[in-house]
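Following the hints, position chain B against chain A.
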Amino acid sequence: AQTVTQSQPEMSVQEAETVTLSCTYDTSESDYYLFWYKQPPSRQMILVIRQEAYKQQNATENRFSVNFQKAAKSFSLKISDSQLGDAAMYFCAYRGGNFNKFYFGSGTKLNVKP
Amino acid sequence: DTGVSQNPRHKITKRGQNVTFRCDPISEHNRLYWYRQTLGQGPEFLTYFQNEAQLEKSRLLSDRFSAERPKGSFSTLEIQRTEQGDSAMYLCASSFPGLAGGPYNEQFFGPGTRLTVL
Numbered sequence: 001a002q003t004v005t006q007s008q009p010e011m012s013v014q015e016a017e018t019v020t021l022s023c024t025y026d027t028s029e030s031d032y033y034l035f036w037y038k039q040p041p042s043r044q045m046i047l048v049i050r051q052e053a054y055k056q057q058n059a060t061e062n063r064f065s066v067n068f069q070k071a072a073k074s075f076s077l078k079i080s081d082s083q084l085g086d087a088a089m090y091f092c093a094y095r096g097g098n099f100n101k102f103y104f105g106s107g108t109k110l111n112v113k114p
Numbered sequence: 115d116t117g118v119s120q121n122p123r124h125k126i127t128k129r130g131q132n133v134t135f136r137c138d139p140i141s142e143h144n145r146l147y148w149y150r151q152t153l154g155q156g157p158e159f160l161t162y163f164q165n166e167a168q169l170e171k172s173r174l175l176s177d178r179f180s181a182e183r184p185k186g187s188f189s190t191l192e193i194q195r196t197e198q199g200d201s202a203m204y205l206c207a208s209s210f211p212g213l214a215g216g217p218y219n220e221q222f223f224g225p226g227t228r229l230t231v232l
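Top line first, the protein sequences correspond to chains A and B.
Numbered by this note's numbering, the letters in the first sequence go through residues 1 to 114 in order.
Numbered by this note's numbering, the letters in the second sequence go through residues 115 to 232 in order.
These aren't lab readings, by the way, just hints derived from the structure by calculation.
Since this is a predicted model, take the numbers as computed values, not measurements.
For each residue, glycine too, the CB sits at the ideal point set by N, CA and C.
This list has only true hints and no planted wrong ones.
DSBU-like, lysine-lysine: derived pairs with alpha carbons at most 35 Å apart: (1) A:Lys55 - B:Lys171; (2) A:Lys73 - B:Lys171; (3) B:Lys185 - B:Lys128; (4) A:Lys70 - A:Lys55; (5) A:Lys113 - B:Lys125; (6) A:Lys73 - A:Lys109; (7) A:Lys78 - A:Lys55; (8) B:Lys125 - B:Lys171; (9) B:Lys171 - A:Lys109; (10) A:Lys109 - B:Lys125; (11) B:Lys171 - A:Lys70; (12) A:Lys70 - A:Lys113; (13) A:Lys109 - A:Lys78; (14) A:Lys73 - A:Lys55; (15) B:Lys128 - B:Lys171; (16) A:Lys113 - A:Lys73; (17) A:Lys109 - A:Lys70; (18) B:Lys128 - A:Lys109; (19) A:Lys113 - A:Lys78; (20) A:Lys109 - A:Lys55; (21) B:Lys171 - B:Lys185.
Some chain B residues near chain A, calculated using beta-carbon distances under 7 Å: (22) Glu220; (23) Phe223; (24) Pro225.
Distance ranges between label pairs, derived from CB positions: (25) A:Gly85 - B:His124: 20 to 28 Å; (26) A:Glu15 - B:Asp177: 44 to 52 Å; (27) B:Ser119 - A:Pro114: 30 to 38 Å; (28) B:Asp177 - A:Pro114: 45 to 53 Å; (29) B:Glu197 - A:Ser106: 19 to 27 Å; (30) B:Arg173 - A:Gln56: 32 to 40 Å; (31) B:Gln155 - A:Gln56: 30 to 38 Å; (32) B:Arg173 - A:Ser74: 27 to 35 Å; (33) B:Leu232 - A:Asn67: 40 to 48 Å; (34) B:Asn121 - A:Asn111: 26 to 34 Å; (35) A:Leu84 - B:Gly117: 20 to 28 Å; (36) A:Ser42 - B:Arg136: 18 to 26 Å; (37) B:Glu197 - A:Pro114: 38 to 46 Å; (38) A:Ser12 - B:Gly130: 36 to 44 Å.
Only chain A is shown next, with the shape it has when bound in the complex (with noise of 0.2 Å):
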């Protein structure tokens, strides 16, 4: 079964400053897809930035960006010039190539400092 392991369950960053989230993945698949979703405190989800796994290129959303390293099964988020706005759960999640559930990781929460 496909498990992501998201091993920082809090962080925190100065305003305007750089953060990097980890996670990682195990999968026997070969296409897949990855995300990054932001939960705000008793808000709903939404989507960050996602990747296609036959895309080398990493996947870039204004201020997010992804380091995807696929033999490493490794998709990190960067947040450049964090704003107080990002504080929330950052959820990694994999979904195989057949449209089907997703797998989350276990969150990490985001402290944005003033």
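Below, chain B without anything else, positioned relative to chain A:
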């Protein structure tokens, strides 16, 4: 369309009672998923539907749990004879499978129903 909606947002019940939650997906989405999230953990898959067909159920979904999507639109999740261990956030998500890549991979989540079993 404002996204995936779930009702109720909060439910407090006594052990042994039955509860039912509702999820209304984004209208053009034909896939609907249920997840359970306990405090400090990521969501865990429970079941999913493609249109009205329930295609997969997790081992987490005991016999006390049943989900339906009768007309391929909204879905209900019922828990019978609730136990304290059922206390969790129940999340619903929907997606529109299309060509690989792009926005079709994303699952859109609702705000969840928080269940507390006393």
